[in-house]
Amino acid sequence: MDDKIELITGVNPAEVPAVKPAERADNIGQFIGEAMSDDQKINALMSSSKPEITVLVGFVGYGKTSFVSSFYQTLLQKEDIAGYAFYDSETLVGLERRSFLRRLNDRNIEIAPETKRTVLGEPYLLTFHLSHPQYGDKLVVISDHSGEDYADYAAKKGKIADDILIKNADRIMFFVDSEKLCNEQRLSLTTQYQQLLRNMKENGLFVRKTKLQLVFNKIDKVNDENKFGKEKEKLITNFEDIINLKIGQTFEIRANSLKNNNKLISLFEDIILHTVEETSNQPQASSLDWVNEMINKKK
Amino acid sequence: MERKLAIILDGAVAIPYDNELLTQLVTICRSYKENDLFVKIDECSLSFITGIVSEDFSDYVANTLKDNDSELTTLPTNVIARLSLFSVYLTVLEESDDLKQHLYATMFMNAMILAKGRWNELSNEVVIREIYKFHITNYLSEHDTTGEVLSTSIISIIAKFRTGNDENKLNKLQIKDLQTIAKDAAYYRCDELLKNQELLNISNPFVRVYSIITRLVDSYQYLYYNYDAEAYIIQSANGEKKNKMLSNILKDIEPLSRDINTGTSVLLRLINKEQVKNSDFLLQRKLNVIEFGIYLYYELLTEQMIEKLEE
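Just so you know, the sequences run in chain order V and C. Going by this note's numbering, the first sequence opens with residue 1, and the numbers climb by one from there. Going by this note's numbering, the second sequence opens with residue 300, and the numbers climb by one from there.
These are computed hints drawn from the structure, not numbers from a lab. Any given hint could turn out to be false.
Claimed, not checked - Straight-line C-alpha distance at most 30 angstroms; calculated DSSO-like pairs for lysine-lysine:
1) V:K299 to C:K482
2) C:K543 to V:K298
3) C:K365 to C:K332
4) V:K167 to V:K246
Start from the sequences, fold in the hints, and give me the full structure.
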């Protein structure tokens, strides 16, 4: 197990995550696979709690794969994020493939200026097993469909109905190319999103418990901040009008670089810590303590 | 029941299971150890409460799903833990024998001591509360219909008996009176025990409550009177409100403890120095004297009732 971790972390040497060998024992042998393409397979993943699902939505070139690569890269480079150490994945090949060119990019090798993007029909489900010394393990699943898939969902009304993962997502992050939002491609961006959102709405894919967020990527390529601010507000209003729900949070990031990028790291922390919020469904301390209830009745 | 299971699994599975799988799981949970339901309740209660799932149950689920050619065979631990709760729920709700039904629920509630101090880590509060409705106290208050008003007439009749055949002269009504006297005598014995100076003089309140409660339950010749157990325990505690870490309570009572026959009870197993899964957290929790007494009392009572049933 440790040699596998060293093998993986060796590209960017980092401390081995602080997870005791005994805690990892059950998962030995999972460093094997390509990303998954069957949503139902998530139910077969071994986890001590419900997998936390984040779906990245966006069209070609909006930076979803860059984002997931940076997430993976950060987990490998840092000992932990918000106390959670990355110790396993069923989809390591898929993650590595997405990250390969990113690493070259980080090392200023010019043959790969952009992260290779996910292509149509490619497996898209990526898993991250994380462990916290106090709070235990959690499984984060990120869906990184290709931009073409979403273009298809926007163009063909009923197609998105088959995407059961979106309906069951804990968090949906809509990626927006901030550069396009400020130039002449803005119309195509908004039109495509309008179509997609209407199709999602018509197919009942917006559930109240899902966190909806807008991620304005490539923020470093925005030249006119005033214009960006106005277009951003217009887009948020547009989204909320169509889906009839509030967009919870918005983020302005550059997903393709980890250098001096605290905003991106904060977003990663948010994904790990707050994708599934504690619900009011959790028992009140007193309600299950039948012995004290008995004593109080007697009083 | 499929709907109930779907509710129990909500929050444990990423994508809700389809009806076909839910139906299979209901059947699996129902058929698991159907010949030994007390063992099933013990195993499944601990699986759910501790989150350390029973390998037997886990294997049974996996093998049965495999036999059914299900696409999904190995289920995650958190799902198995919730299936364990569902198994308990199903067994309690579907039991036709009133006493057994209440004993299953009480066993589950006794095991809940392992969740003390971490109640909010458990899921499915509503389902758990449904099981709670079947605590043995509810059975006793419903079934113990023996009157408590002492009939004096029967006393004089019995007192005048002189030959061995006199008892044949008793009519049905008088036998009912005799039952009342028997119950009254049982209550009187409890009261006398609670007045026992030797026991009351024990200065350590945990040792005192332990001594009184074990002797009290041992003295029961009939287990199904609706004894006012809480009042007995409060009286034994004698106003003491001290909290103590369970590991220290166990040390205190160690010189007195004897091997108590237990198949299911957490506290009794710990007293017997038997291994209990995931009990480290509990051993560090503080209990007050009355809490300790109530957990102990219902474990002892449940054990005795199960023993009588199995005789």
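- Item | Restraint status (C-alpha distance of K543 of chain C to K298 of chain V at most 30 angstroms) | Satisfied, since the Cα-Cα distance of roughly 22 angstroms is no more than 30 angstroms.
- Regarding the pair K365 of chain C and K332 of chain C, is the alpha-carbon distance no greater than 30 angstroms? holds (18 angstroms)
- Item | Restraint check for K167 of chain V with K246 of chain V, where alpha carbons must lie at most 30 angstroms apart | holds (17 angstroms)
- Task: For the pair we were handed, K299 of chain V and K482 of chain C, check the Cα-Cα distance against 30 angstroms.
- Result: Holds: K299 of chain V and K482 of chain C sit about 26 angstroms apart, inside 30 angstroms.
Every hint, counting from the list given before, is met by this structure.
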